[in-house]
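With chain A held as given, fit chain B onto it using these hints.
Spelled out from the first residue to the last, the chains are:
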Amino acid sequence: MPYLSNIIFAIILILAVGYFAKNVKKLIRNIKLGKDTDRTDNKSQRWKNMAMIALGQSKMVRRPVSGFLHVIVYVGFVIINLEVLEIILDGLFGTHRIGLAVLPVSVYGFFIGTFEILACLVFVSVIIFWMRRNVIKLARFWKSEMTSWPKNDGNFILYFEMVLMSLFLIMNATDLQFQVLNSGNTISQFIAPWFSGFPESTSHVIERGAWWLHIIGILVFLNYLYFSKHLHILLAFPNTFYGNLKPKGQMTNVDAVTNEVMMMMDPNADPFAAPAEGTEDDVPEKFGASDVQDLNWVQLLNAYTCTECGRCTSECPANQTGKKLSPRKIMMDTRDRLEEVGKNIDANNGEFKEDGKQLLDDYITKEELWACTSCNACVESCPVSIDPLSIILEMRRYLVMEQSAAPTELNNMMTNIENNGAPWPYNQMDRLNWKNE
Amino acid sequence: MAEFMAQGKQPEVLFWVGCAGSFDDRAKKITKAFVKLLNKANVEFAVLGTEESCTGDPAKRAGNEFLFQMQAVTNIEVLNAYEVKKIVTACPHCFNTIKNEYPGLGGTYDVMHHTQFLKALLDEGRLTIEGGKFKGKRITFHDPCYLGRANNVYEAPRDLIQKLEAELVEMKNCRRNGLCCGAGGAQMFKDAEKGDKEVNVERTEQALDIKPEIIAAGCPFCNTMMTDGVKAKEKEAEVAVMDIAELIANAQDL
Chain A
479 MPYLSNIIFA IILILAVGYF AKNVKKLIRN IKLGKDTDRT DNKSQRWKNM
529 AMIALGQSKM VRRPVSGFLH VIVYVGFVII NLEVLEIILD GLFGTHRIGL
579 AVLPVSVYGF FIGTFEILAC LVFVSVIIFW MRRNVIKLAR FWKSEMTSWP
629 KNDGNFILYF EMVLMSLFLI MNATDLQFQV LNSGNTISQF IAPWFSGFPE
679 STSHVIERGA WWLHIIGILV FLNYLYFSKH LHILLAFPNT FYGNLKPKGQ
729 MTNVDAVTNE VMMMMDPNAD PFAAPAEGTE DDVPEKFGAS DVQDLNWVQL
779 LNAYTCTECG RCTSECPANQ TGKKLSPRKI MMDTRDRLEE VGKNIDANNG
829 EFKEDGKQLL DDYITKEELW ACTSCNACVE SCPVSIDPLS IILEMRRYLV
879 MEQSAAPTEL NNMMTNIENN GAPWPYNQMD RLNWKNE
Chain B
113 MAEFMAQGKQ PEVLFWVGCA GSFDDRAKKI TKAFVKLLNK ANVEFAVLGT
163 EESCTGDPAK RAGNEFLFQM QAVTNIEVLN AYEVKKIVTA CPHCFNTIKN
213 EYPGLGGTYD VMHHTQFLKA LLDEGRLTIE GGKFKGKRIT FHDPCYLGRA
263 NNVYEAPRDL IQKLEAELVE MKNCRRNGLC CGAGGAQMFK DAEKGDKEVN
313 VERTEQALDI KPEIIAAGCP FCNTMMTDGV KAKEKEAEVA VMDIAELIAN
363 AQDL
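Chains A and B, in that order, are what the protein sequence lines are. The numbering of the first sequence is this note's numbering, which starts it at 479 and goes up by one. The numbering of the second sequence is this note's numbering, which starts it at 113 and goes up by one.
Read the hints as simulated data drawn from the structure, not as lab findings. The structure displayed is predicted, hence computed values, not measured ones. By construction, the Cβ of each residue, glycine as well, lies at the ideal position given by its N, Cα and C atoms. Mixed in with the good hints, there may be bad ones.
Stated by the list, open to error - Listed next, the stretches of chain B that the computed footprint assigns to chain A, with coverage defined by at least 3 CB atoms under 8 angstroms from CB atoms of chain A: (1) 162 to 168; (2) 173 to 183; (3) 251 to 264.
Said to hold, decoys possible - Computed spacing ranges between beta-carbons, pair by pair: (4) B/K323 to A/N501: 22 to 32 angstroms; (5) A/E887 to B/T220: 31 to 41 angstroms; (6) B/R287 to A/A734: 52 to 62 angstroms; (7) A/L700 to B/R288: 27 to 37 angstroms; (8) A/A734 to B/T162: 42 to 52 angstroms; (9) B/D235 to A/K835: 35 to 45 angstroms; (10) B/E350 to A/R541: 26 to 36 angstroms; (11) B/T162 to A/I506: 49 to 59 angstroms; (12) B/R287 to A/L700: 32 to 42 angstroms; (13) A/G545 to B/N154: 48 to 58 angstroms; (14) A/D748 to B/E115: 37 to 47 angstroms; (15) A/V556 to B/R287: 24 to 34 angstroms; (16) A/N630 to B/D235: 52 to 62 angstroms.
Stated by the list, open to error - From the derived model, a few chain B residues whose C-beta atoms are all more than 12 angstroms from chain A: (17) Q119; (18) N154; (19) G244; (20) R270; (21) E282; (22) D303; (23) E346.
Here chain B stands alone, though its shape is the one from the complex:
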């Protein structure tokens, strides 16, 4: 982003990578797949790089409003200094926080989830999606809570899967009734309370019930939880967990 600023230019969109997308080995693959798609569609985009910091989402959900606001205000200062207008992110938690909770603290931007952004590129004819190797495959989509219920985005990811000419199959609980993967509300960073099952195993069982070849996700944390769930059920040889961006990029061997 600093380079754009130095040249006196504004990118079309700022890609907010997020902590998972920056540091988590699995999520980094999602980041790279999405970047390939942005390049393919000739989108002039920027990242904040080392100037990006956690949005504060897990702190806020854990109850630490103070830490959340410190993070938010710092990020907003950076974003406003670069005169950022439009943000896209592959993480529904970053998406929700920046879109809904930053405006009250002085940061108002046009924020899109990467599935919405890819759908828009597709509609504008800037990106073409081919089925490629996913043609005819059974794919189910796991709704991330912070994309679905939290922000009512249900169709963009499904539209993209259908463009792959894949067979989109729905789990028992989907869309607004989607079952959580178990990571939200800062659960990602702690052990679960005592119970008789892990939430991600319950959700993975729902997915495996409909015998998909691929479980599609739209959130790096859901991705981790579902991948762990598939491993726990010893099905990793038959069922892959992939982000929508990876599906589209891989279909075209990008």
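In isolation and in its complexed conformation, chain A is listed as follows:
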């Protein structure tokens, strides 16, 4: 069976890519559960944002230490993946280092040498990341929402990267033919001596083992993404593209409300008019959001994009002063509930079956929602253009317009505005008194 390994490789590759594609389809379906919102305007600015913020990491480096380390891991990840191309071709065609067959030794060596240096830098950066989480214990990684799975998820990703980078270097170090070339073994030449005591056949077995584990590891990691906060490596691109371009202070005007208000203001409107033909049974539009389906698809994309770095929460004035609100938790809750809804749909042949739960109360409490000052610090600090504030506002709208469940003081404020055009109980006729005081 000379082709056995090629066949096994092809099967593994097809299974991995197939399972990933299936989950991507599910992901897109879930995001599309959100309401429609138009983000097709101003394409040139959108491409620019994607190039600057996602590709160029412009907002990451606002925090220099984590930003710099992240750029290393990001650049390393993107460039080292060229090597994966060679591995896949080798695996499918049963070749060994196919790059050497098409490139001069010096060029091939330049590539592999670059990958090796990057792999080493990534390894060191990931160790520092791990220490920031587990030894230095930076506050934003130890907030109340960062227990159990979110905490483990963060560490798993780092272990994955450490192992993948090690396997890549070991694979090169134990490849005797490659070491003999002495081109491109920039880092692995220093690792090779660790294995020099072994017979050639053992080195070969280690090299093959590292090669297989490296590619299988990458495919497992690919499929891990869907279940992890690490999805941001893909979704950061669409998310920055579809991000909000309007001034941050501008909150959407609800069209359904505008229709009502305009009708009230129209002196010619007939208050006893029958509803238009065919609309008698229409359910009036729900105001605001109590569950994920009430949010728009960009907000749901935001939730899947969030990598739980916690910059938003660390900048949040409410969180800094000990309130329950954490913008990161808003995003995590939205994703968790969306996943739950998605699983519900899968289990019920494509139809959502009422499960007696919703995003409001079961995930996000009123106390969190009312603690927000709408200051936009979370929006400003997000390195991938996520907007937690828009979700908070939609949920407040539900509380106030559907449930009349605002805190008493806010009800007083709103009554004042209604009665005398100011949030305080002053007479509108006294508005100009300052002129004579």
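Same frame as chain A, now just chain B:
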């Protein structure tokens, strides 16, 4: 405004006073200081007076879109009836709402925050700013969220402070990283949720860390929050909280 209309004239700008500027005793001083500056610069301005009503900002941020739009549409009818083109306001919340949220409801105007307007008067040579008694004083500027992050206006107020020949010092969190005073999003009108500190105290501590003689504000609500914060830290004898318009007007003893 009605008087201008009766005479068949249009003022150069409509001064939107806002609820705080009309009713709050502290904010009324800001209103008066700004009016003095407008008069000094010979700006023909009008106010709506009793025809002005809340922009709806706190209602909208609290989630009451219905009340917000009722307020907005009513105000827009008044503004459009007077054919208002240009609006200036000393409140970043009014500024943000009229500038960004009214156009979608039929009210499109050229809206400026008073610090931007004063900066423009200065650049046109219509207003001169002297250091006067603020020369050399340590002044820090607290960025209002709805002026700064919400609308990317960071420099106009700082340019004005520098014109006072004062020493402008920055807090740990400033400009786009500025920390909220705690009043936005309708928080002004309710008690804070349970926590271990008030937001305005946290922000005041940041300000006091750099030992300013004056904390400058550009928003009547920030002004209240920071004033309360300074009182809570028992520093009101050493540190004053003042609006930019007050600084400029007081420097010239207007």
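ask   = Which hints, by number, does the structure contradict?
value = 4, 6, 8, 9, 22
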